[in-house]
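**Student:** From first to last, the protein sequence lines are chains A, B, C and D.
1 is the number of the first residue of the first sequence in my numbering; add one for each residue after it.
1 is the number of the first residue of the second sequence in my numbering; add one for each residue after it.
1 is the number of the first residue of the third sequence in my numbering; add one for each residue after it.
1 is the number of the first residue of the fourth sequence in my numbering; add one for each residue after it.
For the record, the hints were derived by calculation from the structure and aren't laboratory data.
One thing to keep in mind: the hints can contain errors.
Unchecked claim - Taking beta-carbon pairs under 7 Å as the criterion, some of the chain A residues facing chain D (in silico):
| # | residue |
| --- | --- |
| 1 | L25 |
| 2 | P27 |
| 3 | L98 |
| 4 | Y102 |
| 5 | F105 |
| 6 | V214 |
| 7 | R297 |
| 8 | S403 |
| 9 | R407 |
| 10 | V410 |
| 11 | L411 |
| 12 | L414 |
| 13 | L420 |
| 14 | L427 |
| 15 | L466 |
| 16 | T469 |
Remember, it's a predicted structure, so these values are computed and weren't measured experimentally.
Positions of the beta carbon are idealized from the N, C-alpha and C atoms, including for glycine.
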Amino acid sequence: MSEPGELVVAAVLAIPALSAALLALLPDDRTSAWLNAVASLLTFLCALVLLAERPSPGPFLIVDDLNVVFIVLSTFVGFTTSVFSASYIAHELEIGRLTHAYLRFYHAMYQILMFGMNLALLSNNVGLMWVAVELATLTTVLMVGIYRTPAALEAAWKYFLLGSVGIALALFGTILVYLAARAVVGEGLDAMAWSVLVERAAEFDPALLNLSFVFLLLGYGTKVGLVPLHAWLPDAHAEGPTPISAVLSGLLLNVALFAVLRFKIVMSANPGALAPGPLMVALGLLSVLFASFMLYRRQDIKRLFAYSSIEHMGIVTFAFGMGGALANFAGLLHMTLHSLTKSAIFFCVGHIAQVKGTQQMADIRGLTVSHPVLGWGLVLGVVAIAGIPPMGIFMTEFLIVTSTFARQPVLAVLLGLSLLVALGALLARLNGLAFGDPHGSREPAKASFVPVAIHLGLVLAAGIWLPSTFVAWFQHVAALLR
Amino acid sequence: MDQLALDVAHLFAGGLVLTSFMLLYQDRMTGLINTFALHALVVSFSVAWQAYIQQAPHLYVTAAIALVVKALVIPLALHRIIVRLGIHRTIEPVVGIGQTMLAGIGLVALSVMVMLPITAQAGTLAREDLAFALSVILLGLLMMISRRNAVSQVIGFMSIENGLILAATGAKGMPLVVEISVAFSILIALIVIGIFLFRIRERFETVDIHVLHEHRGEQP
Amino acid sequence: MAIALELVVQLGQMLVVLALAPLLTGYVRKVKARLLRRQGPPLLQPYRDLLRLVRKEVVLAQNASWLFRVAPYLIFATTWVAAALVPTFATGLIFSHAADMIAIVALLGSARFMLALAGLDVGTSFGGIGSSREMMIASLAEPAMLMVVFTLSLLAGSTQLSSIAASMQGPGVGLRVSLALALVGLIMVAIAENARIPVDNPATHLELTMVHEAMILEYSGRHLALIEAASHLKLLLYISIIACVFVPWGTAVSGQGLGAYVAGLGIYAAKLAAAGFMLAVFETVIAKMRVFRVSDFLGAALMLGFLATLLLFVSRVT
Amino acid sequence: MALQGLLWCIATLLGTGVAAIAMARHRSATTLVYGVALCACMIALAIAGWSLLALDSPGEALTLPVGLPWLGAHFRIDALAAFFLVVVNLGGATASLYGLGYGRHEETPGRVLPFYPAFLAGMNLVVLADDAFTFLFTWEFMSLSSWALVMAHHRRPGNAAAGYLYLLMASFGTLALLLAFGLLAGPAGGYAFDAIRSAPTASLAGVVLVLALVGAGSKAGLVPLHVWLPLAHPAAPSHVSALMSGVMTKVAVYGFVRIVFDLLGPPVWWWGGLVALLGGVTAFMGVLYALMEHDLKRLLAYHTVENIGIIFIGLGLAAAFEANEMPGAAALGLTAALFHVFNHSVFKSLLFFGAGAVLTATGERDMERLGGLIHRMPFTAFAFLIGSAAISALPPFNGFVSEWLTFQAILLSPALPQWLLKFLVPAIGALLALSAALAAACFVKAFGVSFLGRPRTEVARDAAETDRWSLASMFVLVALCLLAGILPGYFIDALAPVSQALAGAHLPRQEQLDWLTIVPIAQSRSSYSGLLLFLFIALAAGVGAEVIHRWASAATRRSAPWDCGFPDASPVTQYTAGSFSQPIRRVFGSVVFRAREEVHMPPPGDVSAARMHVRLHDVPWDVLYVPTAKLVSFAAERLNKVQFLTIRAYLTLVFGALVVLLIVLAVWQ
């Protein structure tokens, strides 16, 4: 029982909660934007400590190889996004898209969202995790609707309805898991604790587990944005404030997928249960195929990248579905890198949309000429997301495709071709956005490029060199995932 | 556990399914809301009964929550809302009642079929409860997709929640976490719905989703 | 010592071809004239023409470049070297290994390349017509030639003219269909390459029909002389290839001594005479064809060569 | 030792690229970047040359702790790698030398300087890579950096589209290679080349070959995967075009050789047939495309396609011979192919440099608007002439030697037991001969129309000779064309270790033969001595000139050309590129390109000009690419409807998914 570890975990959860309350009370928005950033920074620093200090699993909270990486990742992206959001929000105030009241609400919600996600990642209890995920979802619902334009309202409404159906299904799944566990573990909290579930999973009733997994996959899959449960995702990304789009793509999808992973571990620990692989492979491949074709007809730049998020979540799900040391490792790495890259892209996109005053790609041209930094940032981001070296996503896609081709050639070919289709769409868009004669306003963007630079730098570094401890964790988790 | 207890529990669960069918059948706003109140009432009874037979006092809380919030508060609120929005007109299901009913029966059959292979290990009570709960959930979904009006969709959604409560209480000895979370989610749901209905009221003259989705970021 | 003799013989060969080439042309012209019941120019007329041209001054077009002036020498040199490497009266000369049949064809290709460029240099449309048509013809003639080479090398297991000649004399060959096809193909190529009827008419200056003459229209004086000499050499070269491959008998083998060389020379002259006569007859009895039918003509040659190869495979296995 | 040196050179290049981002605006950036690149490439060239001659068979290997965590980045230099490094760095050095002058005319150096060294580094790394991941990583990195260079002039019409197509095709090729390596490495993921070699031959070796052919071919420009090449190569700055055409395609060839001859194990006979046939078709189609083309740089790009075809003919023959245990013949085919790799990189770079000089002098790439440049740019013209002669396979230049060797390999084909090959190879030989002859025609057109005749436009009339740096690098290459042409023996000997390593045999040592003759198999069979031919020609020409000028007239007079009594000054009456290629278009085009000529004659009495219009169809494009694009956009259009459903419809989707899964479950249990 390492005391400091406990404290740190408590801090990671407490800081967002407290600052949320504080921000809700603070009237002034200037400072609140920075307070927001500072709070996120503190959370991130505490999370960093977790890399070194791990508390032993308690009844409600746990830190293990699987979530330690994601907690650090999400607090980090949360921090960078808050920095970006500061400059973004300032501009929104100038043009009067947001009022002070809404801004207060926005910052409070932002911290609650962080709290929810950290809790979901840290929780050692299925029920608690469920609550946390729902909390995060509902806060994002409110944030998406914050502009109160008809489109934003509809996006939020759609998100709310689909999301809460997901909530219901996930809860039912959770109950089933409890039932399955209760018969073996006995009543009480233990029957909902990861650490216990994973150990005893072998003795559970397979039928119950199967049923529960169907519901959990669909329930959390709705949040992951797997086709055909994806409908809320593009609009929610497109109509909400860009920092929220970044957090959605970068973190919330990951958190939901993380939940699915937890249950997949339990499933695959039980010999009698049906292998979760085929379901996930099917959904993942469906998502990749669908999303990569959907990329072609997009006119709104944020929707474009929202669909690319669907595609990448599909890739990750596919990888985990395939299983095996290589594919699982690649899947985990892909989740990490995708959240970094995609949020970086959304940072660029946010500034671009603000500078050009539109999200319609038809009106954005020749960025590398008019706004070199933003333009090349976007180019780099798209190159990374398209899986082209030297950026890291190439490594994961390399591992996924090669390891699949040796086992399931047809699936690998399908995946590869749909990746190619997606690449075609992204590059076609990139040609229009970044190259050619510039179009629209040329005034320099008042933006902080640091977050973009850091994210892309990390992705680049990951493509070239990965720290060994990091690799060790992922490999351990990959082994757990079968 | 004696036979009687089982039968009563069975009775309540079955009653819930029946009420779900009634929900599907209703095509008047007011009638719909009233039926939903009944739905919530049945749930609270069944939860109470579970509390009694499981000697689990905390379930009484859940029952009370269900009774007060869902059977009284929400229906009243909804009545207020529809009065304010002035939608007393009949709401037409998209597919005819008949087909909806048939589909519903099919769903019940499906849920039973899915539950069958579960070993008795989980307990017959739990098994039956789960079967009924699942059918309630599916029926609620069916209602959501067969209605085009926001309020009725919300009602469908809340009937799903009831099904969840049924399942949760059926799962013997499940920690309080679940009840709290359910209540919690109902609360959130109410708030959000309120906000939304309010805003929607502000923006449009109707709650009809059909009108909502005319506004889209991207033209086809 | 032996080396020295070898060198002398090689040099002799070079001089022989240079000396005989105009005579061959004159001879063909004479025979043609006779067949047409004309008196015709004297046999030595080509020598006279060359001498006169060499003495005259060169008239250069205004914008002729250095390439225009260098080309004739290169054309002459390459053609001469090519002709000198073909065994005429003796095989297996010291430098005969410097180039096999493919290389000889390619050397002629270099000459043609320069000529075509020279045709384009002045910038009149005649040069253009000539060059473009010449290259079109060549683009078909060269593959046909290479198909013939392919056939021969399949038979003789070599692309070295000397070895081919040697194996042709050997007993193993006998009469083969593919040989006949190859011969016909080679002859057709030779006709096309030397701008003879029916592909081209060396005697005309009628713009629409001429190819070779159009390219050299701007040449005069010593340049023209060199180019004329080159074309004489080319004719000689092709005839000697045909002779060396298909009627290899009587050629001396290097190192047999002077007598053999003289004998070989005599026989070689006889072969030239016969071939020249046949060429003249052929040219008198046939009519010039339209430029765009040349492709069919040469395509036929290509097909013949290809057919020869395939037939050879068949005859090989049986 | 050698390997470290090379890696340091590469690191230097990468560093230069990064530094160039910072100082791109600076004036001296151009000189600095190209200077450093030049030095790095020279050093790398020296090291590579040394290791090609001196290194023993297994070569040097080392592993860096980057790339795949548990694998690391393996690098190895063996004979094959050393040879291709020579090609790469020779190209890089000359291009950098050229760039020292040419780069000054660049209007947006910021878009060229950072990527140029990265491109060089990428090509070097691909050749050095010794595991699948590093190979593909660097391969794609090479594509990416060259894409950036293609996009350097993105505002010119068509360039952006060219870059798009290029990167898409490159990724397609990478995907194919990815799958190929997936098969080679197996599910366990033994990505290191050693592991692949030691592993038993992959079960679907044929599939691997086809994938490798698609992957490497799409980068090298095999028909029908060539469509991007004539668009992308010319779009880049000329020295980069030279690198892409002359060197990058060779790196693709390297990839193919590495996979098929080294990793894949013993070949099967039909592989050779397939590869050689593709090569023949590519050579023929490429040169025909080139003949129809009037854009100077694009014409050169199409000739790259042709020469790649010739190289693949050699490789295919080598595979076929190797499959039939004829190591000597295999060595001949391989040597021919590799020697042509070297030669083509030399003269193609030379030609692109020439085209670049013309471009800077006139701003024109369209031959129809050039002409008469030989007067204004004599040195460039001379260099271009030599390059044209070399690429047209004319003795005594280097192009001829390698094509001659290829022919010798073809002539060995009768010994092959398979009937299909017996019949196929002569046909391929015919295609090769045809393309060689057509290439000559094409370069008569290219040189004649753009350098000879009278200038067709003002810009052509006012052109000026290009700068010293460019000329220097061009003349270096001219010297190489001649050297490799007249002293081929040494080059063939240098290739001996490569063919020894790959085919298990090598050609007989050439250097001690008298008169530096080369003898692939036996003296009696075939031999060629470029040196002798060169000496004879020089001698004969010299003697001729000497004699005539000494004893006959040397007088010259200038006058107007003969105009058949139809006086006209206008250069328009010259033969244009279009009219030059008309006969050949008539002969081949009507079949291959479905070429149609339409002549619009004004009615009698109307004085307006008659107009002739030629329409060509690019058959592979129409048959393969257009339908694919149509298919994708059709699918996109159809699926796009899903974006515009009602919320209820979306809920229905969720509901449907749930019900379907439940039914599946019910059925499964």
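**Student:** Each hint: holds or not?
**Tutor:** Evaluation of the provided hints:
A least Cβ separation of about 36 Å between L25 of chain A and chain D goes past the 7 Å threshold, and the interface hint is therefore violated. This hint is violated: P27 of chain A has a C-beta 37 Å from the nearest C-beta of chain D, more than the 7 Å allowed. The beta carbon of L98 of chain A comes no nearer than 26 Å to any beta carbon in chain D, farther than 7 Å, and the hint placing it at the interface is violated. A cut of 7 Å between beta carbons decides the hint on Y102 of chain A: the least distance to chain D is about 25 Å, and the hint is violated.
For F105 of chain A, the interface hint is violated, since its Cβ never comes within 7 Å of a Cβ in chain D; the closest pair sits about 25 Å apart. A distance limit of 7 Å between C-beta atoms decides the matter here; for V214 of chain A the minimum to chain D is near 5 Å, and the interface restraint holds. Given the 7 Å rule on beta carbons, the hint for R297 of chain A holds: about 4 Å separates it from the nearest Cβ of chain D. The closest approach between the C-beta of S403 of chain A and any C-beta of chain D is roughly 6 Å, which is under the 7 Å cut-off, so the hint is satisfied.
Hint on R407 of chain A holds. Least Cβ distance to chain D is approximately 5 Å, under the 7 Å limit. Restraint check, V410 of chain A versus chain D: the minimum CB separation of about 11 Å is more than 7 Å; hint violated. Proximity of L411 of chain A to chain D is violated relative to the hint, the smallest CB-CB distance being about 12 Å (cut-off 7 Å). Because the beta carbon of L414 of chain A sits about 12 Å from the nearest beta carbon in chain D, more than 7 Å, this interface hint is broken.
The criterion of a C-beta within 7 Å of any C-beta in chain D is met by L420 of chain A, whose closest approach is roughly 6 Å, and the hint holds. Against a cut-off of 7 Å between C-beta atoms, the interface hint on L427 of chain A holds, since the closest Cβ of chain D lies about 5 Å away. At its closest, the beta carbon of L466 of chain A sits 5 Å from a beta carbon of chain D; the interface hint therefore holds under the 7 Å criterion. With a cut of 7 Å, the hint placing T469 of chain A at the interface with chain D is violated, because the nearest CB-to-CB distance is about 11 Å.
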